[in-house]
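Read left to right, the sequence shown gives residues 1 to 233 (the numbering used here).
Hints were generated in silico from the structure; no laboratory data involved.
As the structure is a prediction and not an experimental result, all values here were calculated from the model.
Ideal Cβ placement from N, Cα and C applies to all residues, glycine included.
Fair warning: there could be bad hints in the mix.
Pair by pair, the computed Cβ-Cβ distance ranges are [stated by the list, open to error]:
id	residue 1	residue 2	range
1	Lys-14	Gly-144	47 to 55 Å
2	Arg-53	Val-149	21 to 29 Å
3	Asp-17	Arg-37	44 to 52 Å
4	Asp-17	Pro-174	36 to 44 Å
5	Glu-16	Ile-145	26 to 34 Å
6	Gly-45	Arg-96	24 to 32 Å
7	Val-95	Glu-16	19 to 27 Å
8	Arg-37	Leu-182	27 to 35 Å
9	Arg-20	Gly-144	41 to 49 Å
10	Arg-107	Ser-41	40 to 48 Å
No more than 20 Å apart at the CA atoms, straight line, and that leaves these computed lysine to aspartate or glutamate pairs for DMTMM-like [unchecked claim]:
id	residue 1	residue 2
11	Lys-86	Glu-47
12	Lys-98	Glu-175
13	Lys-116	Glu-47
14	Lys-116	Glu-102
15	Lys-170	Glu-84
16	Lys-167	Glu-102
17	Lys-192	Asp-151
18	Lys-170	Glu-181
19	Lys-140	Glu-102
20	Lys-192	Glu-175
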Amino acid sequence: MLKDDFFSVNILYKSEDNTRYVLKLSDFRFIFGVLLRPLASFFSGREYKIYQRIADIEGIPTLGPRYGRRGYFHLYIDGLVLHEFKGRLPEDFFVRLKAIIEQLHQRRIFYLDLNKLGNIIVGSDGLPYLIDFQVSIYFKQRRGILGYVTDKIFNGLIREDIYHLYKHKKRFQPELMTPQELDLTKRTGFNKWYNRLFGHPYRKVKRLIYPSGSNEIIWYKWKKLKDKNKNIP
Numbered sequence: 001m002l003k004d005d006f007f008s009v010n011i012l013y014k015s016e017d018n019t020r021y022v023l024k025l026s027d028f029r030f031i032f033g034v035l036l037r038p039l040a041s042f043f044s045g046r047e048y049k050i051y052q053r054i055a056d057i058e059g060i061p062t063l064g065p066r067y068g069r070r071g072y073f074h075l076y077i078d079g080l081v082l083h084e085f086k087g088r089l090p091e092d093f094f095v096r097l098k099a100i101i102e103q104l105h106q107r108r109i110f111y112l113d114l115n116k117l118g119n120i121i122v123g124s125d126g127l128p129y130l131i132d133f134q135v136s137i138y139f140k141q142r143r144g145i146l147g148y149v150t151d152k153i154f155n156g157l158i159r160e161d162i163y164h165l166y167k168h169k170k171r172f173q174p175e176l177m178t179p180q181e182l183d184l185t186k187r188t189g190f191n192k193w194y195n196r197l198f199g200h201p202y203r204k205v206k207r208l209i210y211p212s213g214s215n216e217i218i219w220y221k222w223k224k225l226k227d228k229n230k231n232i233p
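Produce the complete structure using the sequences and hints provided.
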């Protein structure tokens with residue numbers, strides 16, 4: 001097992017040609033969560049559709065097939081999640097990550113989960129990769145007044161992605177921050193409202209369910225387990 005969090009479990013598989021894939025199974029990982037599996041199936045299908053919209057973007061792991069109603073495969077990326085990375089990041093790391101985020105936004109995807117360092121992989125090639133789109137939101141292009149309102153909401157929300165992008169850059173590469181980027185590490189009034197209304201309640205509920213933390217921080221723990229158990233695929 002690679003990762004076990006509030007919404008899903010991720011398992012490493014190896015094909016006959018030794019290509020490694022991740023199987024992501026949507027599930028509610030708490031007591032009586034099994035009763036919500038129809039809802040988990042809905043979220044998995046929804047995430048897969050979002051993934052299909054962005055599968056050709058460089059920095060998004062190659063998408064594989066569906067697995068039942070609650071799962072799908074994507075290519076495993078060799079590297080470390082950002083919170084485990086101890087070395088010096090390439091100078092253009094966040095420039096490249098920004099390019100990934102901008103392409104998501106161009107396709108009207110609000111990523112929403114960029115605050116988690118465990119969703120950003122530093123590949124063994126030094127490039128950034130983005131994973132986990134379960135809570136991401138696709139905003140359909142609309143016309144008229146509804147389109148105007150939708151665009152206003154979408155443009156306000158993606159500012160949250162930008163905020164977290166530069167918050168991470170400020171933490172890992174403070175010497176490379178420009179004055180303009182430093183300004184973007186400050187939340188707007190809209191984003192403060194969004195964080196109070198959705199961010200804080202979500203984190204409180206999650207802490208109640210996972211008082212000691214989930215397995216999100218051990219996305220790559222298979223590396224340690226593999227040394228002890230040669231039967232791990």
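Hints, verified against the model:
no., hint, verdict
1, Lys-14 - Gly-144: 47 to 55 Å, "holds, 51 Å"
2, Arg-53 - Val-149: 21 to 29 Å, "holds, 22 Å"
3, Asp-17 - Arg-37: 44 to 52 Å, "violated, 32 Å"
4, Asp-17 - Pro-174: 36 to 44 Å, "holds, 43 Å"
5, Glu-16 - Ile-145: 26 to 34 Å, "violated, 55 Å"
6, Gly-45 - Arg-96: 24 to 32 Å, "holds, 30 Å"
7, Val-95 - Glu-16: 19 to 27 Å, "violated, 38 Å"
8, Arg-37 - Leu-182: 27 to 35 Å, "violated, 45 Å"
9, Arg-20 - Gly-144: 41 to 49 Å, "holds, 47 Å"
10, Arg-107 - Ser-41: 40 to 48 Å, "violated, 24 Å"
11, Lys-86 - Glu-47, "violated, 31 Å"
12, Lys-98 - Glu-175, "holds, 17 Å"
13, Lys-116 - Glu-47, "holds, 17 Å"
14, Lys-116 - Glu-102, "holds, 18 Å"
15, Lys-170 - Glu-84, "holds, 17 Å"
16, Lys-167 - Glu-102, "holds, 16 Å"
17, Lys-192 - Asp-151, "holds, 19 Å"
18, Lys-170 - Glu-181, "holds, 9 Å"
19, Lys-140 - Glu-102, "holds, 17 Å"
20, Lys-192 - Glu-175, "violated, 27 Å"
Hint check: violations occur at hints 3, 5, 7, 8, 10, 11 and 20; the rest are consistent with the structure.
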